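Keeping their order, the protein sequence lines are chains A and B. Going by the working numbering, the first sequence opens with residue 63, and the numbers climb by one from there. Going by the working numbering, the second sequence opens with residue 2, and the numbers climb by one from there.
In silico SDA-like cross-links for lysine to any residue, where the CA-CA straight-line distance does not exceed 20 Å:
#	chain 1	residue 1	chain 2	residue 2
1	A	Lys-238	B	Ser-49
2	A	Lys-238	B	Ala-36
3	A	Lys-238	B	Glu-39
4	B	Lys-7	A	Val-228
For the record, the hints were derived by calculation from the structure and aren't laboratory data. Please read these numbers as outputs of a predicted model, since none were measured by experiment.
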Amino acid sequence: MGGSAISSDSPVHLDLVGQVAAGDTDALAALYRLHGAALFRLARRLTASVEDAEDVLHDLFVGLPESIHKYHERGSLIGWLKRVLVRLALMRLRAERRRHEVDLHEGISEAVAGRAADDFGRLDVERVMATLPSDMRTVLVLRQTEGYSHQEIAALLGITPGASRVRLSRAITLLKAALRGRT
Amino acid sequence: MTWHPKADLLEGFASRALAASHQHTVAQHLESCVACRETVTALRDVESVARDAEPGDRLLERIVASRSAGVRTILPTEDIGVPASRRSAWVAGLATAAVLLAILLFRGSREASAGDRTGYLRLDPARPLPGATVQVTYTPSAELGGFDSLVLRARFRRPNDDDYNPGPMQRRAAVLHRRASGVFAGEFRLPDSVVFAVFAVESPSGDRVDDNDERLWELLTADQTHRPLLEALVQKQRDLMGRNWEEGLKTVRTLTALYPDEPQVWAMLSVYERWVLGDRIADSLLAGHHRRFAAFHRGLAEQRGLPATTVSGMLYYAIEIDDSAARHYWLERLEREFPDDPDVLFRQENRLAGDHLNRLAGDDVAKRADPRGYFAALEPIWAKAEPTHDRILESLAWNAVARAMDAKDTAALQVWIPRFRRVQRQTLGNVAYWSKALLQYPGSRRMAMEWLRDDARLLAEGPDAYRPLTRTTAEQRIANRAAAQPVLAEIANALIEDGDTAAGLDTLRLAASYGWSPPVFRHVAETWAALGDTTQALQTYAKVAADPGSTPSFGDSLRAATASRPGAQWDAWVRDARREMRSLTLATATPRSLTGPTRLLSRSGEARRLSEVAEGHVTVVMFWSPACFYSVRDLGTVQNIARQFSGAGVKVVAIVDRPWSDEVRRLLKEQHAEDLPVFYDYRSDTRRAFVTFSTPDYYVLDEAGKVVFSHSALEAIPRQVAALLP
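Using the sequences provided together with the hints, build the complete structure.
Set out below in structure tokens:
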């Protein structure tokens with residue numbers, strides 16, 4: 063899952079953590095090169111936007127030197143980084159929702175149906191994902207592409223495991239509805 | 002009833018993570034169940050999303066640049082448990098909001114996009130004591146990586162330095178030498194009196210500058226506990242004036258957080274809130290200021306022996322919140338307890354003017370018996386004020402010069418012009434403004450000419466202390482020449498008036514050769530016409546006509562006038578002039594690409610990117626704010642530019658710093674700019690991409706979306722646009 067050539071508990075990795083915590087920019091860059099792509103892909107799926115994903119990754123790495131000491135080497139570093147990234151992404155999505163930039167909860171089926179008839183003749187899954195309510199999309203991505211259990215998702219999002227299941231089920235229902243028109 | 006596999010099984014099947022037996026069972030079911038097949042297809046599609054996505058090449062550079070610019074984010078690393086109750090969910094929400102707020106505050110305007118232009122400057126210690134030795138390491142930008150040594154330039158600020166940054170404030174702080182690792186290093190000792198400094202790094206000849214994308218790098222001096230000094234933060238906000246008002250507001254907020262017992266910082270905050278946030282928000286914050294002021298007043302009014310800064314701080318706080326009784330009380334105390342305070346002396350100058358000088362009363366002039374008594378009474382005040390070297394001296398001397406000009410008192414001018422020149426923080430070229438009036442009086446004419454010549458000489462020499470940290474030496478040469486044009490034109494005028502026509506014309510020609518300036522060309526042409534050389538006059542007028550800022554009727558009338566004149570080749574002159582204009586204008590271009598997102602909201606609330614609006618068009622971008630008088634005033638002119646070039650496919654984008662509202666609509670209507678395409682920079686990322694934090698600020702982009710001209714003067718925009726059109 064990490065996408066890294068260096069295992070999480072390798073001395074190199076632990077050295078990097080220490081150097082990043084000491085404010086070493088080269089070490090921060092090295093950590094980025096190790097895990098940046100995997101983290102970006104997760105951010106991209108969660109936010110459904112290249113720019114937002116880059117912003118989230120930017121915020122994560124800019125804040126790491128002051129926060130990486132909170133990684134206590136329990137579990138993999140990439141797993142810890144992903145959990146922090148998920149929270150950052152959620153904060154961003156919530157803030158956007160507060161700005162009423164896009165009302166994700168209203169008219170979702172119309173939006174999805176509208177997209178189904180787009181000019182390309184086939185539905186772009188990525189675009190359908192972008193139209194899903196962010197809380198549903200988050201559960202879908204964490205469960206299906208990151209392999210989190212509902213218990214883990216619940217702990218991460220501050221919801222119950224049952225709520226996680228419900229969100230996933232609704233997300234799949236909406237997704238299927240959108241994809242149904244595809245040849 | 003039809004049997005369907007549980008969701009977990011379908012998810013596992015989609016991920017190919019089931020045991021073989023389960024895999025087979027589900028596969029069999031899928032052959033006959035459309036619904037479950039759709040589920041698996043959908044889940045596999047989800048896995049395929051962004052499978053090969055990679056972050057942009059420049060994201061790492063942006064991260065490093067943000068770090069080097071001091072941007073910090075607080076990461077949400079604490080575990081968020083399953084909410085046991087509504088209350089804990091509410092608390093978690095608050096915590097999230099707090100973290101988000103912290104991120105927004107820390108990101109601020111300093112977030113940078115790195116690139117070839119920006120490297121990484123580290124100052125150690127980051128918060129030195131005044132007088133400390135500072136170690137410098139610089140990881141170079143691509144542009145500066147190839148040198149053996151680099152120059153660290155600085156603007157050092159002392160506690161009495163004034164607002165804004167004109168004048169000879171820049172200096173070399175250190176030479177940085179390249180190490181084997183490619184990193185540059187050096188050191189400098191901070192002068193004892195310096196409390197705040199900003200830096201840029203440049204090549205030895207100054208032809209390439211890394212100014213951290215115009216944000217510069219900064220150094221705040223601190224006390225033993227690493228708390229930034231009050232004077233350091235005050236100087237920081239003064240340095241930020243005109244270049245980043247929002248960062249100035251943040252600095253003042255920091256001041257109030259670190260020095261909450263100082264009334265002067267709260268007075269400052271009240272001022273910034275009005276400047277930056279606008280009247281509506283400032284008014285809503287006024288009640289809080291009244292409560293705080295009342296608490297200060299209760300605690301301080303009975304105390305004797307308060308320092309002057311506290312008493313004047315209370316006076317200014319009272320003025321800002323418009324409490325006239327308190328203002329009267331604290332002014333009386335300031336004047337009684339600190340009669341020689343520069344601020345008190347300045348107020349005495351104001352009173353003298355009221356007592357002695359003629360002044361307008363309605364449509365009439367209220368004459369005073371002895372207007373010249375003002376200058377006699379001012380002498381003892383000046384004698385007390387000048388030794389303080391306070392920044393108020395410039396205002397005091399300026400008042401005296403202006404009043405001497407009003408009174409046509411050449412004897413007073415002879416006294417006060419040298420004093421003003423001694424204390425002013427000189428902005429080269431400004432003398433052109435002064436000299437217009439001073440040259441009229443025989444008593445001040447010689448001094449005005451000296452002043453003009455001094456400035457012309459300085460502008461020709463181009464002392465490095467005047468070069469802003471953000472400018473290359475080549476850019477400064479262009480700026481100096483532009484500033485010299487009106488100075489030389491005034492000198493030329495005076496020479497011609499004095500009968501030295503040949504020298505006057507030579508000076509005018511020199512002025513005209515210093516850059517594209519229609520007002521100077523017009524001046525030259527008028528002089529040729531007055532001397533009877535019509536051909537020279539017309540050739541020079543052709544330059545005025547070629548400028549797209551001139552009205553078409555100007556050129557048409559001259560073409561008609563020259564139609565019957567033998568040898569007049571009006572159209573050819575105008576064509577040649579356009580070529581010259583294009584070439585001179587493009588010589589001032591500083592092309593760069595935008596980095597980072599540029600998201601905007603249209604009037605109808607539609608989210609757009611600047612690239613979508615501007616793509617394929619030469620585009621003028623204006624940043625403006627309803628709170629900024631100057632930017633509102635320019636809206637009509639910008640609308641005219643939009644109309645002028647609409648036929649050529651040029652776009653104009655007016656980016657406002659707040660959501661669409663009745664106020665925005667009203668302002669556009671008042672300025673006859675209702676058709677202007679206005680967009681709201683709702684995430685502030687567009688101005689971060691441009692690296693602009695002031696209004697009004699103008700940019701001209703080429704058809705490829707590259708920023709070719711930055712911080713354009715409004716009158717230069719038409720020729721910059723014309724230079725980019727085919």
